[in-house]
Amino acid sequence: MAGCSDGGSGAGAPWFADEAAPRGLDFRHVSGFEGRHLMPEIVGGGAALADVDGDGDLDAYLVQSGSLHRPGSDQGRNRLYLNDGTGNFAFAADAGADDPGYGMGVAAGDYDNDGDVDFYVTNYGPNVLLRNDGAGRFENVTATAGVADPGWSTAAAFLDLDGDGDLDLMVVNYLNWSADREIECYSPNGFKTYCPPANYNAPARDRLYRNNGDGTFTDITEAAGVGTAFGNGLGALGADFDADGRTDLFVANDMMVNQLWVNRGDLKFADEAMFRGCGVDEHGTAKAGMGVAAGDVDDDGDADLLVVNLQGQTDSFFRNEGAWFEDATEEVGLGAVSGRYTRFGVVLADFDNDGRLDIYQANGRVDRGEGVLAENDEFAEPNVLYRGGANGRFVEVLPLGGTAAPLVRTSRGLAIGDVDDDGGLDLLVVNRDAAPYLLMNRAPNRGNWVRFRVRLASGRDAHGAMVAAEFGGKRLTRAVRPEGSYLASSDPRVHFGLGDTASVQDAKVLWPSGAAETFGGFEAGATHDLREGAGAPASW
Amino acid sequence: MWTRGLPLGCLVALAVALSPACSDTAESSIDAPVAVALEGADPDLAGFVADRLAAARAAPQSAEMRGRLAMTYDMNGFPDAAAATYGQAAALDSAVFEWPYFRALVLAKQGDTAAALESVELALGVDPDYIPAWLWRGAWSLDQGAVEAAATSYRRAEALDAGSPAAAGLAQVALRREQPEEAVALLEPVNAGLRHPHLYRMLGRAYRALGRSDDARIAFARGRLAEPLQWLDPRQAPKADYIAGFTGQRVHAQKLLRAGDAEGALDLLEPWREKHRDDEALLSSLGWGYMSTQQWERALEVLEHGLSVHPGNYYFHFNIARLHRDRGDADAAEKHLLRAIAVGPTQPAPHQELGMLRSRQGRHDEALEAFDAAIRHGAKQPEQILQTSGVVEAARGRWAEAIDRFQRAVDLDPSFTMAYIHLARSLVEAGRVGEAEEALAWAERLATHPRDVAAARKVLAARMGADPQADES
Chain A
7 MAGCSDGGSG AGAPWFADEA APRGLDFRHV SGFEGRHLMP EIVGGGAALA DVDGDGDLDA
67 YLVQSGSLHR PGSDQGRNRL YLNDGTGNFA FAADAGADDP GYGMGVAAGD YDNDGDVDFY
127 VTNYGPNVLL RNDGAGRFEN VTATAGVADP GWSTAAAFLD LDGDGDLDLM VVNYLNWSAD
187 REIECYSPNG FKTYCPPANY NAPARDRLYR NNGDGTFTDI TEAAGVGTAF GNGLGALGAD
247 FDADGRTDLF VANDMMVNQL WVNRGDLKFA DEAMFRGCGV DEHGTAKAGM GVAAGDVDDD
307 GDADLLVVNL QGQTDSFFRN EGAWFEDATE EVGLGAVSGR YTRFGVVLAD FDNDGRLDIY
367 QANGRVDRGE GVLAENDEFA EPNVLYRGGA NGRFVEVLPL GGTAAPLVRT SRGLAIGDVD
427 DDGGLDLLVV NRDAAPYLLM NRAPNRGNWV RFRVRLASGR DAHGAMVAAE FGGKRLTRAV
487 RPEGSYLASS DPRVHFGLGD TASVQDAKVL WPSGAAETFG GFEAGATHDL REGAGAPASW
Chain B
334 MWTRGLPLGC LVALAVALSP ACSDTAESSI DAPVAVALEG ADPDLAGFVA DRLAAARAAP
394 QSAEMRGRLA MTYDMNGFPD AAAATYGQAA ALDSAVFEWP YFRALVLAKQ GDTAAALESV
454 ELALGVDPDY IPAWLWRGAW SLDQGAVEAA ATSYRRAEAL DAGSPAAAGL AQVALRREQP
514 EEAVALLEPV NAGLRHPHLY RMLGRAYRAL GRSDDARIAF ARGRLAEPLQ WLDPRQAPKA
574 DYIAGFTGQR VHAQKLLRAG DAEGALDLLE PWREKHRDDE ALLSSLGWGY MSTQQWERAL
634 EVLEHGLSVH PGNYYFHFNI ARLHRDRGDA DAAEKHLLRA IAVGPTQPAP HQELGMLRSR
694 QGRHDEALEA FDAAIRHGAK QPEQILQTSG VVEAARGRWA EAIDRFQRAV DLDPSFTMAY
754 IHLARSLVEA GRVGEAEEAL AWAERLATHP RDVAAARKVL AARMGADPQA DES
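Going down the list, the protein sequences come from chains A and B. Under the numbering used here, the first residue of the first sequence is numbered 7, with each subsequent residue one higher. Under the numbering used here, the first residue of the second sequence is numbered 334, with each subsequent residue one higher.
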């Protein structure tokens, strides 16, 4: 049942257990560090949870970095693991998804509307579009599609930005960097380490590709207006922040002002982050934005933003007020506690199924700190978990990170999804130069739940669609949003924790087209399909 | 005195020295001095730390020695050890302001504002009149959600004549309390003189809450730069003496250079020249320092030596080019700019500089090409380049091209008065009088360049008088 006690009480019952190895994820990330500090080595490590073979369960895709000294070597290939339906995985060696580039992250989406999930892999160097044949085998179609951004890309997102029914592609770039222009940097205590991005004075321009609907894309960066702003972009996601029926884009920049690309229609965008209050924090500081999550934390029907930052900087919780954002970091309880570690991956999700969004953050330093917290890993830090409280404030869950013993590695990419379909959201965390964590949800006293697979008439997951569930006198809003967090793509299915309520009275969908449908009631404890056109027309 | 400050008091002269006569009133229960791991560290730093540690061990009851050790840790990247050691120093002598104050600053930097607040309370118990401590207390209280405590802190700072930072803090409190009128009343007088981006942004929030949407739009446009409000903190100045080792001092010197204290930077850098004569970063910083202090010959000598040992360094070429430019040698400047571009083709600054140089030479097409490259590679203020390049186009009577550039400039910065004026004049020339009127009206609304606006208004009036029907738009 719901209403479990505050995290940390209940004898400190853990919420997660790492089962990566016993469940078959034998991946080990390789940064390629060989003594000379090359900037991409400290930020890589992405992951996706997506059903690539159409069997209804979540498969795992892990993005390898590799070696900047020996690109394309065998240690530098991405790996796909297929789920056997029970949350156990087997390496799919012949899937063709083993891109050898120096990998960063991944976006998952059905760009060709053929009913299966494709991957766009971001690299230091040309990115790669991998087309799924429907059986979980992939073909590199980058050249045909025309999406090989040659820079240093980090986040990417498949979103239908022009409402034409196919997924366009936003690619976020970090720095104009090359190994032959690497510079030496030192920590304050005199040890060689990785440089802050500002030292390169080389922010990059993000790229926007329009899907032409025929398997190809057109680079519309300039025409869309996105080419006017440069940044050290690391995180990105889309949402209709201003409720005008069009998907906007948010980009978290590292030590630079964030960007909020407001969609003006006709694929024209304007950066209004400063005007709308999510460019810098309340004190005027451009923080080191890494990962970003969106969710309706205050249950008012719109998407709020959570951006995570460097040690010493608090998280930035930007509460959506409709036409602008307020920095409400302190009001949600994150002002006092969130600056202890350097955070990368971040998700807002209901882990204990009590109807309120919780937070998980994957952490790890970017330069050598004072003490070493894990053997052979001078950047390691513990991950953290916050529970969403009834008063709208987040409270840290103890034991630290919600696991029996703290997980202390240099964590980066973080994807979320229920890999064993038991109703609890699990986590996949990529760790630099280490094995990943597969954190199986063991939250005590988990509440009831219901989940929706929300698809367009074409069968594609309806990225950007909103789902409102009414139950127990409440109306909660969640979105189909696989992108976000850090270098990750997550389960597109929409999950609702219901507490002790056994059913949903009504589920409504606001489709990317702007039309809304109602689908009636659903019993808890199952995943239900919501297909565009199958519901009754409704007002949102 | 309390105007917009610079980071961590690194620029200010020593105002209040640490008292060498701090009384040692130690309890014998104070822990032994904290040691840190230094394997692999800069030998100069390791030696400096070892000396301070030995001194603290030799005088275990001395708060002064413990405090010096703490400052050594603080300034050389050992914040945990610094916080612990400042705590020990404070326990040894609770009458010294600096130890709990410095401890609070370290803790806040580590993200522990709750502990920082506890420590700054101790410091304020010793000296309740130190303004920066109240300002920090206000900021940290806001982070903790303690709005009343923040208000008390800022009011106290205001009573001590803190000026704009206190007013800004009180305005922040007012915004938290959803009292935008009060925020406007606090901010408008302060910002009239200071014109700081953070104050503009707060004004924008207040105007927006009051429904003054045009004022909000202008204020947000003027607050585009991500710059927090900072303040001088003279009691931190002595800590700079504890930065040890080559890398630490070099990094600190670069901070001083960025903050405009070139002489202070050179004082730190020059002693290392002999020992690290080919160090790329040292030479680059020295070149910057000499240029900033107008020591042209020394700058050129350092930069050319740097180029001889690091021929692929973009900054050496770029800065040598700027030196030649300032001496009027355009050919040599262009040569080095082209080399800088060859080495770092995606760096915007040499493209921009090349555009300016060619523009001055009347090589307009080449100038525009360079300006566009600068924008394409992420120049920091593209609206300024668009304005400059728009003027180039306008000077050639290419009104459509000029309008496009001015329009892009004002799209990026809706508070850019001169770009609106140029846009209006170009629109007039293109016969688009209605749009020109709109642009000029907005320029008037911005209220920053009345003479230029008036001149443009005359042109517009004359044109309308000559041909009142002229408006293709």
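Simulated from the structure, these hints should not be mistaken for laboratory data. Incorrect hints may have been included.
Unchecked claim - Distance windows between CB atoms, simulated:
1. A:Asp32 - B:Gly458: 30 to 40 angstroms
2. A:Asp305 - B:Gln512: 25 to 35 angstroms
3. A:Val378 - B:Ile363: 55 to 65 angstroms
4. A:Asn205 - B:Ala663: 23 to 33 angstroms
C-beta atoms are modelled at their ideal positions from N, C-alpha and C, and glycine is treated no differently.
Here is what the structure says about each hint:
{"no.": "1", "hint": "A:Asp32 - B:Gly458: 30 to 40 angstroms", "verdict": "58 angstroms, violated"}
{"no.": "2", "hint": "A:Asp305 - B:Gln512: 25 to 35 angstroms", "verdict": "26 angstroms, holds"}
{"no.": "3", "hint": "A:Val378 - B:Ile363: 55 to 65 angstroms", "verdict": "27 angstroms, violated"}
{"no.": "4", "hint": "A:Asn205 - B:Ala663: 23 to 33 angstroms", "verdict": "31 angstroms, holds"}
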